[in-house]
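Asker: So the protein sequences, as listed, match chains A and B. Just so we're aligned, residue 2 is where the first sequence starts under our numbering, counting upward by one. Just so we're aligned, residue 2 is where the second sequence starts under our numbering, counting upward by one.
Among these hints, one or two may not hold up.
Capping the alpha-carbon separation at 27 Å, the derived lysine-lysine pairs in BS3-like fashion look like this [stated by the list, open to error]: (1) B:Lys-247 / B:Lys-80; (2) A:Lys-31 / A:Lys-60; (3) A:Lys-120 / B:Lys-81; (4) A:Lys-114 / A:Lys-64; (5) B:Lys-124 / A:Lys-31; (6) B:Lys-80 / A:Lys-46; (7) B:Lys-68 / A:Lys-120; (8) B:Lys-68 / B:Lys-124; (9) A:Lys-64 / A:Lys-75; (10) B:Lys-80 / B:Lys-104; (11) A:Lys-31 / A:Lys-114; (12) A:Lys-64 / A:Lys-168; (13) A:Lys-168 / A:Lys-89; (14) A:Lys-120 / A:Lys-75; (15) A:Lys-46 / B:Lys-247; (16) B:Lys-81 / B:Lys-104; (17) A:Lys-168 / A:Lys-30; (18) A:Lys-101 / A:Lys-114; (19) A:Lys-101 / A:Lys-89; (20) A:Lys-31 / A:Lys-67; (21) A:Lys-168 / A:Lys-31; (22) A:Lys-114 / B:Lys-80; (23) A:Lys-120 / B:Lys-104; (24) A:Lys-75 / A:Lys-89; (25) A:Lys-114 / B:Lys-81; (26) A:Lys-101 / A:Lys-67; (27) B:Lys-81 / A:Lys-101; (28) A:Lys-101 / A:Lys-30; (29) A:Lys-101 / A:Lys-60; (30) A:Lys-101 / A:Lys-64; (31) B:Lys-104 / B:Lys-247; (32) B:Lys-104 / A:Lys-46; (33) B:Lys-68 / B:Lys-80; (34) A:Lys-46 / A:Lys-67; (35) B:Lys-68 / A:Lys-60; (36) A:Lys-30 / B:Lys-124.
In case anyone wonders, no lab produced these hints; they're calculated from the structure.
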Amino acid sequence: MDILLLAFGAAFLFFGLAFILMYNSLVQKKIQIENAWSQIDVQLKRRYDLVPNLVETVKGYVKHEKALFENVTKARAAALGATGVSDKAQAENMLSSTLKSLFAVAENYPDLKANENFKMLQEELAGIENKIAYARQFYNDSVLSYNTAIHSVPTNVVAAMFGFTPKEFFRAEESEKQSVKVQF
Amino acid sequence: MQRLSFYDEISANKRNSYILVFLVFVFAFAAAYVFSLVLFGESLFGLLFTFVASSAYIYFTYSNADKILLGFSGAREAKKEEFPYLVNVVEGLSIAAGIPTPKIYVIDDPAMNAFATGLSPQKASVAFTTGLLSNLNRAELEGVAAHEISHIKNYDSRLATLMVVMVGLIAILSDVGLRMMFRSRNLRSGKGGGAFILLGLVVLILAPFIAQIVRLALSRRREYLADATAAQLTRYPEGLASALEKIKKVGSAVKNASDASAPIYFANPISVGQLFSTHPPIDERIRRLRSM
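Just chain A, same shape as in the assembly:
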């Protein structure tokens, strides 16, 4: 009788501990996804902050492209104000493509291209575009790890009990896949 009780106690303790560990690992994975998502926002915001600076620098050399500057500024404002995933993605695409044409125009001004400040901004923008891509990659890696966990035995039991639902992957739109690359 005593032995039976002991065995039950040990089993209870073992499963209890395993349960807690699995729950905690799921929570950790979920938080990592949230963190990864905010990382993307941080990088997008850094790109918005960079744009006025870039426009000012280019304005100093390029006099006759008023419409271009207006487009960039408008696209930035639209991206800043956009809410909702699809609206935001569209606004981001707009901004990327106007920036692309800004750099295309800059190609024709050797003085501008030699400007230290411009070179720095160019490198900074390329760096941010890279970081956005890496942040999205990290987001998807985190989602992969989380989704795998909530679908695998035995963590799926814990996930079902506490309502852990699968998260969606970030998918780049076809148009965006092309416009993310800024050609210098």
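On the provided structure of chain A, position chain B as indicated by the hints.
Answerer: The following block gives chain B in isolation, referenced to the frame of chain A:
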């Protein structure tokens, strides 16, 4: 399938690393025990003394190891104004790996090399030679930086730091122990348990060699693992492979590197034979990367 093989390699290497660390620990404590036997005989005080002394040594070297390494290598901090390109690359890869951006250093040396150090991903540093920065394009530099970030992410830099300290401790203990043993035999010949002392002598003589070989094996495994993780981070193994090819041509022998700090570098910083090399052959690393 590709993704799976990365993860398999990572978990296998992690497990092997733990086993190797355990082995080094066993040897360190065996050497310490013999040392205390010779010094104090079979007394509780002897054990206590050795324990306190070796713990203090490990603590101080361990907590300062990254600063010591950076100091020895002649590294200086890389400012964003001076190396915007490098800083952006490292920041981007840190995001991809999900770790805080490490402190970035450059070493003024025409050789092509790099290393990562630090006790945790939260307090890590990476250093690159100027030779590396001037010879590599962006994809290649990303490959090398991803390799170093991987060392940090996989806790390799902590492991390497630990190894350097542990092996250093074993070497010192066995050196001192051997001297004490010969001296004590000269002073009080005939005294002391013969078989026990003999066993101790064997351990003392063998320990540094075994520790060294263990350290080398560990270091090679870690290099392959970091290459695999780097490919996973950049999703572009070819960048790292082509960087390795350039390093093979230009050379990776750094001025301010020593035997002790060798395992921490990206490519072997000293010219030594293949068998006792801290790094796997570059050709083999390139082959593995290209087959991913």
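Asker: Give a verdict on every hint.
Answerer: Verification of the hints:
Annotation: proposed proximity of Lys-247 of chain B to Lys-80 of chain B holds, straight-line Cα distance about 26 Å (limit 27 Å). Simply put, Lys-31 of chain A and Lys-60 of chain A have alpha-carbon atoms about 45 Å apart, too far for the 27 Å limit, and the pair is violated. Among the hinted pairs, Lys-120 of chain A with Lys-81 of chain B is consistent with the structure: their alpha-carbon atoms are about 13 Å apart, no more than 27 Å. Proximity of Lys-114 of chain A to Lys-64 of chain A is assessed by CA-CA distance (about 15 Å); at most 27 Å being required, the pair is judged to hold.
In summary, the hint linking Lys-124 of chain B to Lys-31 of chain A is supported, as the alpha carbons are separated by about 24 Å, within the 27 Å threshold. Proposed proximity of Lys-80 of chain B and Lys-46 of chain A is supported: the alpha carbons are some 23 Å apart, at most 27 Å. With a C-alpha separation of about 34 Å, the suggested pair Lys-68 of chain B and Lys-120 of chain A falls outside the 27 Å cut-off, and the hint is violated. Only pairs whose Cα atoms come within 27 Å are accepted, and Lys-68 of chain B paired with Lys-124 of chain B is accepted, the gap being roughly 11 Å.
Using a Cα cut-off of 27 Å, the hinted pair Lys-64 of chain A and Lys-75 of chain A holds, with the two alpha carbons roughly 19 Å apart. Distance check on the hinted pair: Lys-80 of chain B and Lys-104 of chain B sit about 10 Å apart at the alpha-carbon level, within 27 Å; holds. Of the pairs offered as hints, the one joining Lys-31 of chain A and Lys-114 of chain A is violated, with about 45 Å between alpha carbons and a cut-off of 27 Å exceeded. Among the hinted pairs, Lys-64 of chain A with Lys-168 of chain A is inconsistent with the structure: their alpha-carbon atoms are about 48 Å apart, more than 27 Å.
With a CA separation close to 19 Å, the supplied pair Lys-168 of chain A and Lys-89 of chain A stays within the 27 Å bound. Annotation: proposed proximity of Lys-120 of chain A to Lys-75 of chain A holds, straight-line Cα distance about 24 Å (limit 27 Å). For the hint pairing Lys-46 of chain A with Lys-247 of chain B, the CA-to-CA distance comes to about 37 Å; that exceeds 27 Å, so the pair is violated. Pair hint Lys-81 of chain B plus Lys-104 of chain B holds up; C-alpha atoms about 11 Å apart against a cutoff of 27 Å.
For the hint pairing Lys-168 of chain A with Lys-30 of chain A, the CA-to-CA distance comes to about 11 Å; that is within 27 Å, so the pair holds. Pair hint Lys-101 of chain A plus Lys-114 of chain A holds up; C-alpha atoms about 15 Å apart against a cutoff of 27 Å. Our distance criterion of 27 Å between C-alpha atoms is met by Lys-101 of chain A and Lys-89 of chain A, whose separation comes to about 18 Å. Straight-line distance between C-alpha atoms of Lys-31 of chain A and Lys-67 of chain A comes to about 46 Å, which puts the hinted pair past the 27 Å bound.
With a C-alpha separation of about 9 Å, the suggested pairing of Lys-168 of chain A with Lys-31 of chain A holds against the 27 Å cut-off. Our distance criterion of 27 Å between C-alpha atoms is met by Lys-114 of chain A and Lys-80 of chain B, whose separation comes to about 23 Å. Taking the CA atoms of Lys-120 of chain A and Lys-104 of chain B, the gap is about 24 Å. The hint holds against a cut of 27 Å. Only pairs whose Cα atoms come within 27 Å are accepted, and Lys-75 of chain A paired with Lys-89 of chain A is accepted, the gap being roughly 14 Å.
For the hint pairing Lys-114 of chain A with Lys-81 of chain B, the CA-to-CA distance comes to about 20 Å; that is within 27 Å, so the pair holds. At roughly 16 Å between alpha-carbon atoms, Lys-101 of chain A and Lys-67 of chain A fall within 27 Å of each other, so this suggested pair holds. Simply put, Lys-81 of chain B and Lys-101 of chain A have alpha-carbon atoms about 24 Å apart, close enough for the 27 Å limit, and the pair holds. With a C-alpha separation of about 36 Å, the suggested pair Lys-101 of chain A and Lys-30 of chain A falls outside the 27 Å cut-off, and the hint is violated.
In summary, the hint linking Lys-101 of chain A to Lys-60 of chain A is supported, as the alpha carbons are separated by about 16 Å, within the 27 Å threshold. At roughly 18 Å between alpha-carbon atoms, Lys-101 of chain A and Lys-64 of chain A fall within 27 Å of each other, so this suggested pair holds. For the hint linking Lys-104 of chain B to Lys-247 of chain B, the alpha-carbon distance of about 26 Å falls within 27 Å, and the restraint holds. Simply put, Lys-104 of chain B and Lys-46 of chain A have alpha-carbon atoms about 23 Å apart, close enough for the 27 Å limit, and the pair holds.
With a CA separation close to 18 Å, the supplied pair Lys-68 of chain B and Lys-80 of chain B stays within the 27 Å bound. About 25 Å separates the Cα atoms of Lys-46 of chain A and Lys-67 of chain A, which keeps this hinted pair within 27 Å; it holds. Taking the CA atoms of Lys-68 of chain B and Lys-60 of chain A, the gap is near 46 Å; set against the 27 Å cutoff, the hint is violated. A distance of roughly 22 Å separates the Cα atoms of Lys-30 of chain A and Lys-124 of chain B; the hinted pair therefore holds under the 27 Å criterion.
The structure is inconsistent with the numbered hints 2, 7, 11, 12, 15, 20, 28 and 35, although it conforms to all the rest.
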